[in-house]
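> Given the sequences, and given the hints that come with them, work out the whole structure.
Given next are the chains, with one letter for each unit.
Number of protein chains: 2
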Amino acid sequence: MAPPGPKPPNALTARRLGLDTQDEAMVFVRSDSPVCRSEGFSAHSRVQLTNGTRSIIATLYQTSTNLVSDHEIGLSEAAWRLLGLVEGGQISVSHPAPLESLKMVRGKVFGQRLDDASTRAIISDIVAGRYSDIHLSSFVTACSALPLDLAETIALTRAMVDTGSRITWGHAPIADKHCVGGLPGNRTTPVIVAICASLGLTIPKTSSRAITSPAGTADTMEVLTDVDLDLESMRQVVDQEGGCFIWGGGVQFSPADDALIRIERALDLDSEGALVASVLSKKIAAGATHVVIDIPVGPTAKVRSLSAASSLQSLIEKVASEFGLAVLALVTDGTQPVGRGIGPALEARDVLQVLRNDPDAPADLADRACLIAGALLELTGKAPSGTGKAMALNALRTGTAYSKFESICRAQGGFRPPVLAEHYRPFLAPAPGRVASIDNRRLARVAKLAGAPGDKAAGVDLHVRLGDTVKAGQALYTLYTQTPGELAYAIDYVTANPDIIELTRP
Amino acid sequence: MAPPGPKPPNALTARRLGLDTQDEAMVFVRSDSPVCRSEGFSAHSRVQLTNGTRSIIATLYQTSTNLVSDHEIGLSEAAWRLLGLVEGGQISVSHPAPLESLKMVRGKVFGQRLDDASTRAIISDIVAGRYSDIHLSSFVTACSALPLDLAETIALTRAMVDTGSRITWGHAPIADKHCVGGLPGNRTTPVIVAICASLGLTIPKTSSRAITSPAGTADTMEVLTDVDLDLESMRQVVDQEGGCFIWGGGVQFSPADDALIRIERALDLDSEGALVASVLSKKIAAGATHVVIDIPVGPTAKVRSLSAASSLQSLIEKVASEFGLAVLALVTDGTQPVGRGIGPALEARDVLQVLRNDPDAPADLADRACLIAGALLELTGKAPSGTGKAMALNALRTGTAYSKFESICRAQGGFRPPVLAEHYRPFLAPAPGRVASIDNRRLARVAKLAGAPGDKAAGVDLHVRLGDTVKAGQALYTLYTQTPGELAYAIDYVTANPDIIELTRP
Chain A
50 MAPPGPKPPN ALTARRLGLD TQDEAMVFVR SDSPVCRSEG FSAHSRVQLT NGTRSIIATL
110 YQTSTNLVSD HEIGLSEAAW RLLGLVEGGQ ISVSHPAPLE SLKMVRGKVF GQRLDDASTR
170 AIISDIVAGR YSDIHLSSFV TACSALPLDL AETIALTRAM VDTGSRITWG HAPIADKHCV
230 GGLPGNRTTP VIVAICASLG LTIPKTSSRA ITSPAGTADT MEVLTDVDLD LESMRQVVDQ
290 EGGCFIWGGG VQFSPADDAL IRIERALDLD SEGALVASVL SKKIAAGATH VVIDIPVGPT
350 AKVRSLSAAS SLQSLIEKVA SEFGLAVLAL VTDGTQPVGR GIGPALEARD VLQVLRNDPD
410 APADLADRAC LIAGALLELT GKAPSGTGKA MALNALRTGT AYSKFESICR AQGGFRPPVL
470 AEHYRPFLAP APGRVASIDN RRLARVAKLA GAPGDKAAGV DLHVRLGDTV KAGQALYTLY
530 TQTPGELAYA IDYVTANPDI IELTRP
Chain B
50 MAPPGPKPPN ALTARRLGLD TQDEAMVFVR SDSPVCRSEG FSAHSRVQLT NGTRSIIATL
110 YQTSTNLVSD HEIGLSEAAW RLLGLVEGGQ ISVSHPAPLE SLKMVRGKVF GQRLDDASTR
170 AIISDIVAGR YSDIHLSSFV TACSALPLDL AETIALTRAM VDTGSRITWG HAPIADKHCV
230 GGLPGNRTTP VIVAICASLG LTIPKTSSRA ITSPAGTADT MEVLTDVDLD LESMRQVVDQ
290 EGGCFIWGGG VQFSPADDAL IRIERALDLD SEGALVASVL SKKIAAGATH VVIDIPVGPT
350 AKVRSLSAAS SLQSLIEKVA SEFGLAVLAL VTDGTQPVGR GIGPALEARD VLQVLRNDPD
410 APADLADRAC LIAGALLELT GKAPSGTGKA MALNALRTGT AYSKFESICR AQGGFRPPVL
470 AEHYRPFLAP APGRVASIDN RRLARVAKLA GAPGDKAAGV DLHVRLGDTV KAGQALYTLY
530 TQTPGELAYA IDYVTANPDI IELTRP
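First to last, the sequence lines map onto chains A and B.
Just so it is clear: in the first sequence, position 9 is 58 by this note's numbering, and no numbers are missing.
Just so it is clear: in the second sequence, position 422 is 471 by this note's numbering, and no numbers are missing.
Don't read these hints as lab results, they were simulated from the structure.
Every residue, glycine too, gets a C-beta built ideally from N, C-alpha and C.
Take the hints with a grain of salt, since some may be wrong.
Unchecked claim - Among chain A residues calculated to face chain B with C-beta under 7 angstroms, some are:
#1 Thr-70
#2 Ser-113
#3 Leu-199
#4 Leu-355
#5 Met-440
To be verified - With beta-carbon atoms standing in for the labels, derived distance ranges:
#6 Asp-119/A x Gly-462/B: 27 to 37 angstroms
#7 Asp-416/A x Thr-102/B: 50 to 60 angstroms
#8 Pro-145/B x Thr-102/A: 34 to 44 angstroms
#9 Gly-133/A x Asn-115/B: 16 to 26 angstroms
#10 Asp-198/B x Ser-370/A: 39 to 49 angstroms
#11 Arg-490/A x Thr-102/B: 24 to 34 angstroms
#12 Ala-357/B x Arg-314/A: 31 to 41 angstroms
#13 Pro-145/A x Arg-483/B: 31 to 41 angstroms
#14 Pro-145/B x Leu-515/A: 24 to 34 angstroms
Claimed, not checked - Taking lysine-lysine and the BS3-like style, the derived pairs with C-alpha atoms no more than 30 angstroms apart in a straight line are:
#15 Lys-367/A x Lys-438/A
#16 Lys-351/B x Lys-152/A
#17 Lys-431/B x Lys-367/B
#18 Lys-351/A x Lys-152/B
#19 Lys-431/A x Lys-367/A
#20 Lys-351/A x Lys-367/A
#21 Lys-152/B x Lys-152/A
#22 Lys-367/B x Lys-438/B
#23 Lys-367/B x Lys-351/B
Rendered as structure tokens:
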């Protein structure tokens, strides 16, 4: 009789739990699983999972019920995808080697500066999914408690570029724009792309979907056309039209950034260095050579003071120059929402009104789009200094921008008109007054409670602007929702927050 | 026909997933659940769960499979317990109010000092389970990056005491001891309790189970007697015998601390202030008046330098005096394990050998126990200065300590002898040499791979000490395991780490 062979590796049968944990790799095993017993794993253990040549680190949880059997391991979608699994496949589970880069995070916590090598090691491990939320949070917090200096910000930017995919276009200039955010309805991107592309500038714009806001540019444009294009289709659209507005989710320009942003949001911590690295790394990876960055400033915007904006501006310019990127950081008014609509379809309506020169078009959205498009035209040399905005306005007024917008939509799969939600309720001024303040954050919250961005047709239509005089009973804004239930829910919040729009005696 | 009533709250049927997540409240809902749609929840959303008058905050994850149905919500054990649920119960799910105390964590991150009120707010929210791992990690990191000063450490200690349960004994002195850890086999507690109680000192000792180590004192004592006593039974044992050795898990002396320790461990971050608050808050809550703290120092112990030990000593003394606690912090040798056994049953054997004055008893364990017991006897005034250790040694040598040990075991439910594991394998010196170093951390790891503390009988028996001269083929240590499979696994690790015990040419 043969002697007993060596113990097989800790193999378990993979089971897909269909669990959306964003980028976090989570696995579930039985408490009485032989793997837990032999390896001494307990709840929150970090484990190494191996499927053939692929290997990741995940957080393990234990269950005593039949969620999984004792020879199975249940995986979150992120873990399933990273391991390239098929149902019933076998994976082995072991203790991970200690993460060397965590020593560098600890070094940062204890006051050491991050250099290029340590930053790259940290970011590479984050991209490979080797950091738990606890590790990510520690890194993000350390970068705020002991702020990144210029050299560290440059190192972080470089590490983020180097760990993602990168596009090259083979010619220059390649224009791009970004808004640091926090302003509901600030949907200038489709207008800017249409204007710039109509004037011969190449502007291959990728945008995000909303994460905490009521709409991202990709959500808004998806109301009007297809935005989920792959890189090859994107290239075709850009080669033909000079511009595009597609969802950037499929193109992993800075995968570490997604993980860090999720943590920053949970902590409501914005480190200036991390923000600059995040923005610029994505632009560099997208092949941009000339970028305008919109920094709205206001008491309820992301950047709340002119001094913070000025410090951010300066850091952006210094880091960009290190990468040969021509950048203009514009400080803009962030005291109230832009346009009228807040929510994908309502914003899409505003965008169309502006492009079509509709008499009802929100003038502030048109003006802001032309300001940024003009800055891009000047930065890339398409317009002499001081003439960019007028050139942009002309493209808008003559309809060439709208023609270009229609062409791009056709190239992306066709145009469709926006449809608003069935249920609506205006919210009225309780007394006459003058609009003294509009709370961007809480208004965004109302739009989300109404169903945006999940329900593209839902949101808020804002009827007033700062300084307007209103009569008692005049509508301040209107809620749009898909169901009476959601309407009731949003009304509850609005009723409990009557000062979202503050009126003073006229 | 009645008009449609108001929308019911977001009610879902609770389903117990038997999921061990330690103290983390996690819930699982379908992506297409009406609650997700109407509330806009996504993966990692923090949600408020309400069951009658009980309400907690949990982290939500989404699933697309039939893990739960679309009108169910699956809960981790921590969430289930905190909400006091029964199977099939209904709970409502909503957006939690913003946590005010997170502003204070952010303030700390940005350099503000924590005062009593903000520390209490943070710790109260942690105890109530309102912090996610991301929040906890940020707080722990901030306390390391911008170290707690004396006032902050006192505030943290006070907040931890005030948020847990607290015992009073009605008389003084009440003795206690603590070891800051990191030294395998350092099982002095049962010996110290037996000595002190035999000499008339009240020492109501509660101990922890192992979390990352191969054995906690509670694991070791559980080999010999019952340790899972409630507070009432503990009082009876202490009233009758003057001492006890029970598991402290049932008595929530400092519930915030469990959450913080889990995070500190994951980050391998030890903040001096957090450590002192953790240790002292538990002693104060347990009603101790006189405490000796053992600080082992060595290159592979928790505290690695004499200067770190001295700084820790000074902070312990200053904070303790603020609470009227008499404390002596002893710096001890942490260069190698204590005794021979590493693992519950092996350590229990060592403890018995010492108490029974067995000729084979490990002298270092006896000496260390008498040193600490002596310090406690002097600190409480039971022994004149300079005579404590001799008094302790005398109690050991005359057998009165062993009699007391037996009495306490009887009072706790009876004594049972330790049994070692069936499978064992000695690990031999490859060449003659002198023992130059012993790696505490990796040796603890070997004991865990062998099955400790889950298998109480498993572990490592260490046969050499620093400075010993060994022949080629002489056993350095022996692995004990319950199964041949675990033995093979531990041998793999030992083979890959031949330098756990370093030999130099004799």
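> Compare the structure with each hint and give your call.
Comparing the hints with the structure gives:
The interface hint given for Thr-70/A holds, since its Cβ lies 5 angstroms from the closest Cβ of chain B, which is under the 7 angstroms cut-off. Of the supplied interface hints, the one on Ser-113/A holds, with its beta-carbon coming within about 4 angstroms of a beta-carbon of chain B, less than 7 angstroms. Interface hint status for Leu-199/A: violated, as the beta-carbon distance to the closest one in chain B is roughly 20 angstroms, over 7 angstroms. The closest approach between the C-beta of Leu-355/A and any C-beta of chain B is roughly 19 angstroms, which is over the 7 angstroms cut-off, so the hint fails.
For Met-440/A, the interface hint is violated, the least distance from its beta-carbon to any beta-carbon of chain B being 40 angstroms, above 7 angstroms. Hint check: Asp-119/A to Gly-462/B, Cβ distance near 32 angstroms, so the stated range 27 to 37 angstroms holds. A C-beta distance of roughly 53 angstroms is found between Asp-416/A and Thr-102/B, which places it inside the suggested range of 50 to 60 angstroms. In this structure the supplied range 34 to 44 angstroms holds for Pro-145/B paired with Thr-102/A, their Cβ-Cβ distance being about 43 angstroms.
Distance hint check for Gly-133/A and Asn-115/B: the Cβ-Cβ separation is about 24 angstroms, which falls inside the suggested range of 16 to 26 angstroms. Under the hint 39 to 49 angstroms, the C-beta atoms of Asp-198/B and Ser-370/A, about 40 angstroms apart, fit the expected range. The given range of 24 to 34 angstroms is respected by Arg-490/A and Thr-102/B, whose C-beta atoms sit roughly 31 angstroms from each other. Range check, Ala-357/B to Arg-314/A: about 36 angstroms between beta-carbon atoms, so the 31 to 41 angstroms window is met.
Pro-145/A and Arg-483/B have their C-beta atoms about 35 angstroms apart, which keeps the hinted 31 to 41 angstroms range intact. The given range of 24 to 34 angstroms is respected by Pro-145/B and Leu-515/A, whose C-beta atoms sit roughly 31 angstroms from each other. The straight-line distance between the Cα atoms of Lys-367/A and Lys-438/A is roughly 26 angstroms, inside the 30 angstroms bound, and the hint therefore holds. For the suggested pair Lys-351/B and Lys-152/A, the alpha carbons sit about 16 angstroms apart, so the restraint of at most 30 angstroms is met.
The hinted pair formed by Lys-431/B and Lys-367/B meets the criterion: a straight-line CA distance of about 24 angstroms does not exceed 30 angstroms. Restraint check for Lys-351/A and Lys-152/B: satisfied, since their Cα atoms lie roughly 16 angstroms apart, inside the 30 angstroms limit. Distance hint between Lys-431/A and Lys-367/A is fulfilled; the C-alpha atoms sit about 24 angstroms from each other, no more than 30 angstroms. Distance check on the hinted pair: Lys-351/A and Lys-367/A sit about 21 angstroms apart at the alpha-carbon level, within 30 angstroms; holds.
For the proposed pair Lys-152/B and Lys-152/A, the alpha carbon gap of about 28 angstroms is at most 30 angstroms, so the pair holds. Straight-line distance between C-alpha atoms of Lys-367/B and Lys-438/B comes to about 26 angstroms, which keeps the hinted pair within the 30 angstroms bound. Proposed proximity of Lys-367/B and Lys-351/B is supported: the alpha carbons are some 21 angstroms apart, at most 30 angstroms.
In summary, the structure is inconsistent with hints 3, 4, 5 from the numbered list given earlier, while agreeing with the others.
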